[in-house]
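**Student:** Keeping their order, the protein sequence lines are chains A and R. For the first sequence, counting from 1, position 59 maps to 59 in the numbering used here; every step adds exactly one. For the second sequence, counting from 1, position 136 maps to 136 in the numbering used here; every step adds exactly one.
Rather than coming from a laboratory, the hints here were simulated on the basis of the structure. The C-beta atom is built at its ideal place from N, Cα and C for all residues, glycine as well. Accuracy of the hints is not assured; some may be wrong.
Chain A regions said to be covered by chain R (calculated; three or more residues, Cβ under 8 Å) [claimed, not checked]:
#	region
1	31-44
2	141-148
3	160-169
4	183-191
With a Cα cut of at most 20 Å, we get these calculated EDC-like pairs of lysine to aspartate or glutamate [claimed, not checked]:
#	chain 1	residue 1	chain 2	residue 2
5	R	K159	A	D34
6	R	K6	A	E105
7	R	K5	A	D34
8	R	K158	R	D66
Residues on chain R that point at chain A, a partial pick, calculated with CB under 7 Å [said to hold, decoys possible]:
#	residue
9	F48
10	G50
11	A52
12	G153
13	Y157
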Amino acid sequence: MSIIGECFVAFLFGSIVGLLVQRSRFCNTAALRDAMLFKTYRNTKALLIAMMILTIGFTGFISIGEGKSMRFDVGFNQIIGLFIFGIGMVLAGACTVSTWVKAGEGNFGAVWALLFTFIGMFLFSLVWSFMYWPPAPSAMTGEFNLETLQLGYANAETLQENTGIPAIFFGLLQFFVLFAIYKAILRKENKQHNDQEINQQNTPA
Amino acid sequence: MDFFKKTLDPGIALALIAFFDIFLFLIVGAWTVGGGETMITGLVAKLFIGDAINNIPFWQLVFTPDAGYWKIYISLGMFFGAVVGAVASKEFFIRFPRRLSEWIMITIGGLMMGVGIRLAFVCNVSTFFGLTPQLNLGGYLSVIGIIAGAWVGSIIYKKSLGM
């Protein structure tokens with residue numbers, strides 16, 4: 001596909017996402033924060049539904065050699081980086097998606113968050129240019145490397161190659177784990193609902 | 001139109017997004033936001049500092065500023081889709097954070113998001129909607145990181161609200 005074609009497809013996809021997220025008020029930050037702080041799971045359940053569908057879809061296509069998987073070495077920088085990101089998104093009250101969506105609704109706080117995300121990225125680019133860590137894509141080997149704290153590259157494709165078992169099998173395992181978490185949330189919500197009803201019945205008029 | 005009058009169930013919205021993300025995965029690659037934002041950062045920086053950006057190795061070895069990078073257009077599309085949704089549902093209005101503490105939290109939060117994305121090479125979208133569904137080891141490491149970070153962030157948020 002041509003570069004213009006790729007950009008057009010990406011823009012079309014982004015537009016659909018922006019519209020659906022705006023209309024549903026979905027927020028990834030709320031999916032984690034609300035579950036931890038307020039024990040409400042509206043966004044968490046939506047996140048799990050998407051992950052279940054994607055797991056089956058991606059691993060299904062990977063099984064037949066289709067799709068463009070993300071290929072890069074992973075390591076401890078993922079844990080540290082997303083830890084910093086996780087704190088940041090709760091403080092900013094928005095994640096990468098909701099900053100764009102809220103900015104599109106006229107929320108200047110989201111525009112400010114986006115601006116400082118860009119500044120944070122630029123500042124990190126200066127730091128990276130001194131320490132050269134994590135390794136640049138061209139320096140990635142795909143192998144375990146203790147010196148650079150990299151664990152290599154592993155995903156559904158490599159699982160399929162190394163075991164000879166179709167990726168969809170492992171995808172189904174992950175699907176059932178996600179489904180079990182989803183069911184546990186539903187049970188918890190039902191219990192909360194029942195407890196509320198009992199409390200209301202016991203409250204004197 | 002009813003779609004613009006009522007709030008859509010996020011479960012339905014995310015199921016639809018997942019469906020389209022599978023098509024995107026087949027055509028160009030799974031949904032991600034951090035890469036596009038980094039490229040926008042590089043392009044904006046180039047606009048301000050010109051060729052001096054070539055003296056910063058990161059912008060040569062990791063991300064070479066390129067306006068034809070498809071991931072940029074996912075972000076621009078999200079903004080466009082949100083404007084359409086907000087205007088059509090009469091939910092578009094300019095608003096500003098009211099308290100100084102909100103400005104400070106957003107500023108620090110934004111900076112941390114930017115640093116975190118670049119350190120990890122992934123964002124929350126790649127974590128939940130790209131890497132983990134591809135059973136990528138990086139996805140699991142990122143999930144551990146983001147849950148721990150959100151937990152610490154929630155404690156700070158709770159204290160800031162006086163809860």
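**Student:** Now tell me if each hint is right for this structure.
**Tutor:** Hint check:
1. Coverage of a stretch by a chain is defined here by at least three residues with a beta carbon nearer than 8 Å to that chain's beta carbons; for the region 31-44 of chain A and chain R the count is 6, and the condition holds.
2. Counting residues of the region 141-148 of chain A whose CB lies closer than 8 Å to any CB of chain R gives 0, so the stated coverage by that chain is violated, three being the minimum.
3. With a threshold of 8 Å between beta carbons, the proposed coverage of the region 160-169 of chain A by chain R is violated, since 1 of its residues qualify and at least three are required.
4. Closer than 8 Å: that is the beta-carbon criterion, and the region 183-191 of chain A has 0 residues meeting it against chain R, so the requirement of 3 is violated.
5. For the given pair, K159(R) sits about 15 Å from D34(A) by alpha-carbon distance, which is consistent with the 20 Å threshold.
6. Simply put, K6(R) and E105(A) have alpha-carbon atoms about 16 Å apart, close enough for the 20 Å limit, and the pair holds.
7. Note on K5(R) and D34(A): the hinted pairing is violated, with a Cα-Cα distance of about 25 Å set against a maximum of 20 Å.
8. With a C-alpha separation of about 41 Å, the suggested pair K158(R) and D66(R) falls outside the 20 Å cut-off, and the hint is violated.
9. Annotation: F48(R) was flagged as interfacial toward chain A, and the flag is violated, the nearest CB pair being 10 Å apart, outside 7 Å.
10. Because the beta carbon of G50(R) sits about 15 Å from the nearest beta carbon in chain A, more than 7 Å, this interface hint is broken.
11. With 7 Å as the threshold, the beta carbon of A52(R) stays out of range of chain A, its nearest partner Cβ sitting at about 12 Å, so the hint is violated.
12. Because the beta carbon of G153(R) sits about 3 Å from the nearest beta carbon in chain A, less than 7 Å, this interface hint is met.
13. Checking Y157(R) against chain A: minimum C-beta separation of about 5 Å stays under 7 Å; hint holds.
The structure fails to meet hints 2, 3, 4, 7, 8, 9, 10, 11 from the earlier list, while all remaining hints are met.
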